[in-house]
Every structure is written in C-alpha cells, then in structure tokens.
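Here the structure of chain E is known, so what remains is to put chain U in place on it, guided by the hints.
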Amino acid sequence: MNSKKALFSAGAVIGLIAVALVWFGNPQNMGFCIACFIRDIAGAVGVHRAEAVQYIRPEIIGLVLGALLMALAGKEFQPRGGSAPMTRFILGVAVMIAALVFLGCPLRMVLRIAGGDLNAVVGLVGFIAGIAVGVVFLKRGYSLKRTYQMPTLDGLWLSAVQIALLVLLVAAPAFIFFSESGPGSMHAPLLLALAAGLIVGGLAQKTRLCMVGGIRDVILFKDWTLLMGFLGILVVALIGNIALHYFKVGFIGQPIAHVDGVWNFLSMTAVGLGSVMLGGCPLRQLILSGEGNADSAVTVVGYFVGAAIAHNFGLASAATAVAEDGTLSGGPSAAGKVATVIILVVLVIIAVANSKRQETVKEG
Amino acid sequence: MKTVDARGLSCPQPVLLTKQALADKPAELTVLVDNATARGNVQRFAGNQGYQVEIREEGGEYSLLLHK
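Read top to bottom, the protein sequences are chains E and U.
Residues in the first sequence are numbered from 1129 upward in steps of one, following the numbering used here.
Residues in the second sequence are numbered from 400 upward in steps of one, following the numbering used here.
Pulled out of the complex, with its shape left as it was, chain U reads as follows:
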C-alpha cells in the first residue's frame, strides 16, 4: 500500500498529493498529516472521490486510511 507523507505540509499540498496518489485509483492509500485542517481537507476530498476514511490519531499526528 502506498503512503503519502504530508506531515508538516500546509493546505492545499496534502490534498494535492492525495489527489495525485489517487490518480491510478488504488484500493487503499495511507495519508499522514499533522494538523486538523489538513485532516479535514483530505477527509473531505477522499469522501468526494468515493473513498471511506478511517482516522487514527497519535501524538498530534493523524494517519488516514483511505479505502473503497
């Protein structure tokens, strides 16, 4: 499974990287972010692309598992 490491990046880059990683329509993708804005934006974008999103938080960082 691919992992997009968008920690420390500010919007729109986390969403942009997620968009690029979803271009070849993988079944699953992990996106790492470290702020609530990026978490919300990636979650919304993934939802719009028809992915389910599971979020795990650890020490102020978020791991978003995107799957169909």
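Bound conformation, chain E alone:
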C-alpha cells in the first residue's frame, strides 16, 4: 500500500472512531480534540476551576501509550530532546491558548467541518494562512536546532504520567474534579475511549499523520501525502455525521463553537503558525512524546499550562448560546482577543529570532 493510501485509510479509521465516540457520549464534533481534552485533564487535576470542563480524558492517555507501544513494536522508540525545550514550552502555551479562543485543536477543526460547522471553515482559512506564514520562515531558515540522544527514562516520562492519570481516573480520589454538567460531563465509557485512543495513537505513529504537516507539505513541497490523512478524517466523519443525523450546516447553533469570524480566523492563524514552528499539530506532539521525544513532551506540558492560563485568566472563548428570542451570547472574551494578538506578535518574534541560514551542507 503506498503512503497516500495508508494515510487516507488511517484518517478514515480515525474519522469513524471520532464519530463513534460522539455516539457513545462525547460532546458533538468532539470525538477527539487534543486541546479540549488536555484542558479537561488540567481541570480534573484542579489547575483550573472551570467546572464545566473537568475530566481525565482516556483518549489522551490512549494516544500517548498507543504511540509508545507502536513505536516499541516498530523499533522506532528513540529518547531524544534538547532542541530549544523552553521555546517549545512557550510555543505550546501559545498554541493552546489560541486553540481555546477558537474552541478546538486542528483535529477538532476538521471534525467540526465534517459536522457542518461553517465557523470551522473560517478557522481553516486562518489555519492555512498561519501555516503559509510559517512556511515563509521555514524557507528563511527557521529552526529550533538539533535534538540529541537522551537517557531512555527521559523519553518515557510523558507515558508514565499517562499511567498515573489512568490510575487517578479509575480510583477517582476526592481531589480529582469531574464535571457534573457541561462538556466535561459528556464522555464515552472509559474502556471504549481508552481503546479508541490506543488505536488512533498507534495509527498516527505508524503513518506520521499530522494536520499541520499535511497543509505545510503541500505549500512547501507540493507533496499531498500527509494531507490524505486530513482528507480521510473529513470524508468519513462527514459520512458518519450525516448517517447519525449529527450533520447540520450553518454558523449559528453549532455544538461548542462561537460565531465570531474574525477571532475564529486569527486564533487559528496563531495555531497554524505556532504548530509549524513546533513541527506538528497537537496530535502529532502527543504521538512524538510517546515515541520518546522529550521536546514534544515539554510542548505537551506547555499545552497543559496554557489550558490552565486560558481558563484562569478568562482567555478561553465561551460557546455561542442562542436565547429563545434569538439573541446570541458567548464568543471570545475581550481578554481572549488581546491574548490572541499578543500570541501572534510573540510567535513572529520567536520565528524571526530563530531564522537564519545554517551551514549544514558540506563539500567533500
């Protein structure tokens, strides 16, 4: 099977699983959302106290451990790190805050489009714009420099944390918060969600599936291979959503979404640019963490802290609610808008600071 078909097939399976997770209890258009789920975990362990979004999502645990197991099976587990870890942490924080202004990571953006959410189409245009800006910096020599071999344990920490989270989820001690209403209270059964994560983690590790990489490679190399994964998810989730009557085209009344186009666009521009600078979307960072990449693990910790900041500082958007008389409430907060602009500026500063030609070609 060539890699285009492999990626489309992996995407198709992921799209199917995502819709199935909604059927089994996840919020709509949220079979998977790396940003939302890390945010829910941050809430569950109490680093933010947004009561509606607190749950230890087994999907995240499964994704990391699925990637770890697949990497071990394929002899691709490599403990590596040392490529500007603190910059990656900051980029992780920035990408997470921006994703929570939009209300979803790139994977959920695709799932939202597959559910007929036109706000996510606006987000996609912003996302592509952000990636295009990132490609300009890549061509100008943007790099976070090389990674190096790390001790084996350093490549295992994020996986170890997942096992600890699984224990906390099952044991449910009193200090762990679980939402009683709102999106955090809506979830598929534990074992099912865990299995879904494991399968998708394994598939994504094997195929290198990445939402950002797909669009980046088309712009940079006219290589459509990675984008096939994106398309596989979109096509199958679309069919699934239509079959299960989840599909509804429009801007208003979409599940866990807001209708402010400007900020849907700009927040996803930041997610696209920041993710190109990290070398992959949030899903890909989880998978790389499982493979032993300590830099990606630091990035995931950045997502976690970013989620806490987003909710503690009131930067995360509220979903648009429609009152009986038709008036709309919710959307991005003023603080969230300011944060998005600051994030865009900081991203450009980081990109400029790390762009210069390197001497990597030797005559000989």
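Because the hints were derived from the structure by calculation, they are not lab data.
There may be inaccurate statements among the hints.
[Said to hold, decoys possible] In the SDA-like style, the derived pairs of lysine to any residue whose C-alpha atoms are separated by at most 20 Å in a straight line are:
#, chain 1, residue 1, chain 2, residue 2
1, E, K1267, U, K418
2, E, K1132, U, N447
3, E, K1273, U, E460
4, U, K424, U, E456
5, U, K418, E, S1483
6, E, K1273, U, T436
7, E, K1350, U, E460
8, U, K418, E, F1265
9, E, K1273, U, Q419
10, E, K1267, U, D423
11, U, K418, E, R1274
12, E, K1350, U, G449
13, E, K1132, U, A435
14, U, K418, E, K1203
15, E, K1203, U, E460
16, E, K1203, U, E456
Bear in mind the structure is a predicted one, so any value in this text is a computation, not a measurement.
Just chain U now, with coordinates in the frame of chain E:
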C-alpha cells in the same frame, strides 16, 4: 559529492535542506538523518525528484545516497 547533515533536525527541515541541495541538480548527494520519519520523508522527496535512494543504517543513523 555534497553531504547534507540533517541529523537531529526534525521535519520538514531535512527535506527542505535536501531540496535546496538538489536545486542545482547534482548527480549524487548524501543526506544524513537520525530518525525514521526524516528517512522516509527524504526518501519520498528524492523519489519524486527522480533520484534513486540507497539507505545505509548505522547505530540509529541513516545515510541516504541519492543518485540519478
């Protein structure tokens, strides 16, 4: 023969450096990478550019010899 040392670099940089090195259409090029993702991506890119690729592995590092 030119050598691109992309060890420790994450994608897309190994492919980007390979692309730049192939711009003046050399008959041969060696690309060094140290992870399977970069190996696969450089191999695919070189193939698309009409190069044959021979891969040697040594201690987790890969040497890709690209030739017409």
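Comparing the hints with the structure gives:
{"no.": "1", "hint": "K1267(E) <-> K418(U)", "in the structure": "holds, 11 Å"}
{"no.": "2", "hint": "K1132(E) <-> N447(U)", "in the structure": "holds, 13 Å"}
{"no.": "3", "hint": "K1273(E) <-> E460(U)", "in the structure": "holds, 17 Å"}
{"no.": "4", "hint": "K424(U) <-> E456(U)", "in the structure": "violated, 25 Å"}
{"no.": "5", "hint": "K418(U) <-> S1483(E)", "in the structure": "holds, 18 Å"}
{"no.": "6", "hint": "K1273(E) <-> T436(U)", "in the structure": "holds, 17 Å"}
{"no.": "7", "hint": "K1350(E) <-> E460(U)", "in the structure": "violated, 27 Å"}
{"no.": "8", "hint": "K418(U) <-> F1265(E)", "in the structure": "holds, 16 Å"}
{"no.": "9", "hint": "K1273(E) <-> Q419(U)", "in the structure": "holds, 18 Å"}
{"no.": "10", "hint": "K1267(E) <-> D423(U)", "in the structure": "holds, 17 Å"}
{"no.": "11", "hint": "K418(U) <-> R1274(E)", "in the structure": "holds, 19 Å"}
{"no.": "12", "hint": "K1350(E) <-> G449(U)", "in the structure": "holds, 15 Å"}
{"no.": "13", "hint": "K1132(E) <-> A435(U)", "in the structure": "holds, 17 Å"}
{"no.": "14", "hint": "K418(U) <-> K1203(E)", "in the structure": "violated, 28 Å"}
{"no.": "15", "hint": "K1203(E) <-> E460(U)", "in the structure": "holds, 13 Å"}
{"no.": "16", "hint": "K1203(E) <-> E456(U)", "in the structure": "holds, 13 Å"}
Checked against the numbered hints above, the structure breaks hints 4, 7 and 14 and satisfies the rest.
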